[in-house]
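Engineer: In case you want the letters, here they are:
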Amino acid sequence: MSNRVLMKGNEAIAEAAIRAGCRHYFGYPITPQTEIMHYMALRMPEVNGVMVQAESEVAAINMVYGAAAAGARVMTTSSSPGISLKQEGFSYIAGAELPAVVVNIVRAGPGLGGILPAQGDYFQATKGGGHGDYRNVVLAPASVQELYELTVEAFNIADRYRVLTMILGDGTLGQMMEPVLFRDEEPVESFDKSWATTGTQGRREHNTVQSIYIEPDALERLNSNLQAKYRRIAEREVRVETVNCDGAEIILTAFGTCSRICKNVIRQAAEIGIKVGLVRPITLWPFPDQAIAAAAGQPSVKALLDIELNAGQMVEDVRLAVNGTRPVHFHGRTGGNLPTQQEILDKIQVLARS
Amino acid sequence: MEEKVFSRTRGLTGKPFHYCPGCTHGIIHRLIAETLSEMDILDVTIGVSPVGCTYNNYEYFACDMVQAAHGRAPAVATGIKRVHPDSMVFTYQGDGDLAAIGTAEIVHAAARGEKICTFFVNNAVYGMTSGQMAPTTLLGQKTTTSPLGRSAAVQGYPINVSEMLATLQGAVYIERVAVNSVRNINRAKQAIRKAFKVQQANLGFAMVEILSTCPTNWGKDPVSALKWIDEAMVKQYPLGVFRGQEIEVGD
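Protein chains in written order, with the working numbering: chain S, 89 to 442; chain Y, 4 to 254.
One should not assume that every hint holds.
[As the list claims (entries may be wrong)] Pulled a few chain Y residues facing chain S out of the computed Cβ check, cut under 7 angstroms:
#: 1; residue: Tyr-61
#: 2; residue: Thr-81
#: 3; residue: His-87
Hints listed in this document are in silico derivations from the structure and should not be mistaken for laboratory results.
All C-beta atoms in this analysis are idealised placements derived from N, C-alpha and C, irrespective of residue type, glycine included.
My request is simple: use the sequences and hints to build the entire structure.
Structural biologist: Below, the structure is given as structure tokens:
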């Protein structure tokens, strides 16, 4: 039997989670990601797992908190408005140092917005969203194959550092169908979870999971430990794809769906004699500053052009990475619209001539 | 020969309680802890702490404990119980936590028939944040946010949580008790025991509502506070079994 299967992005996420050993899923329906719940509802019983349809996104993330505290590999999925509701829970998960995987299949906002794809949740995903000093690891797949592979990896990262790891997709990735090549065996790592609340079973002192520390020194210690952990993550977990950057005149930066459009633009630009490269962050946090700075610092580079499905969010991190050495321009679409290749090419031509 | 007739239960860690004089949280803690010990389930129990005066009861109970966000304890308990279905899981929640911000979570945990126990401590006031009106504040009761007394016209009516949850099929055992007299304390302990027995038998959701004192925020001395439960609270919140009368749990 071939391991190559034609799958919808949302279904690939769900199957990946199960293959990664996730047996507990808590969700609340919201377009454009509900197929994940549908898939879980059918598949979880087959693997003796649990799918609970919660009464709200708030309840779902707190079920995740409980299941993670109990030592399980656990996931919830939602889309932008639902992810906003989960932010309080994200902060508690960070404070209690629990491993959990969250998927945001982003739709257009603000407010109830629309159900079409967008990347307007970049700030929320990478800069916090909930209260307090914390970070979530944010992975940005750009294909159904990557949705599968990065979802498996998200569970390993979550367990490795006891952090919340988010898959930041968008409505296009969630809804599109592409072939997925499944591995025979997943690179699922096992981790010590002696901290989990499983019942003492008479074998140890009682464990507690908490995010409250009334004593300022104790809370500062927690914060220092969290920041040290985030520095370790930033050193070890950056993932980035660079395409055609060597000797390029113009460097595009884009993630997710936008990066696919940009790859086509690279070919079109070459046909009219402009060498264009692309830096695609796969981890949005930790951000690949060094790869962007290296690409931008080449003598051949005239400018960078950042393409996003928002009004300009990741571009701020690109500018910090470039640190003034090159001009950084932005082109974005909102409301659920995608930029056309021609739109991007027109911008490139103006920048290449200047 | 001397006979030891009473000792601290091993269900408690021994850390001194921080509660105000005359507050009955300490009694409720002891009853739960004694039950865990007597039923020999302490080692398989995971408790969920609320937000409020008892936010840190994870320091008092000698079982595994998870501290939850305000009102979300039933959702957190759902997550724990679904991971460890053979464990015993309880939430300990106050009236602000359970009957205001956490209303959705408690209703749906009960409706799903989650195999957990909830101990709902009703003292008709927000204790920790200094005496604001709770959903369970009585009509006419003065609080820091209803200084003229709770008025039905302005603040609406108290919520009788036990009666409300008793309408749900998944809630198999619901009882309201009080801890303001020896007789009531003994009755409360029986109810707590029955709740854990219901969970042990996998029957469904069980909740014991416990009328409790808050002398500090009621502006009463401890003895008057105990009396006020009988004189005022029980009139709005009658004691008794609202669901699961027929369930026999045995010893």
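Engineer: Hint by hint, say whether it matches the structure.
Structural biologist: How the hints compare with the structure:
1. Tyr-61: 4 angstroms, holds
2. Thr-81: Where the cut-off is 7 angstroms and the nearest Cβ of chain S is about 5 angstroms from Thr-81/Y, the hint holds.
3. His-87: At about 6 angstroms, which falls below the 7 angstroms cut-off, the nearest Cβ of chain S leaves the hint on His-87/Y intact, so it holds.
The structure is consistent with each of the numbered hints, conforming to all of them.
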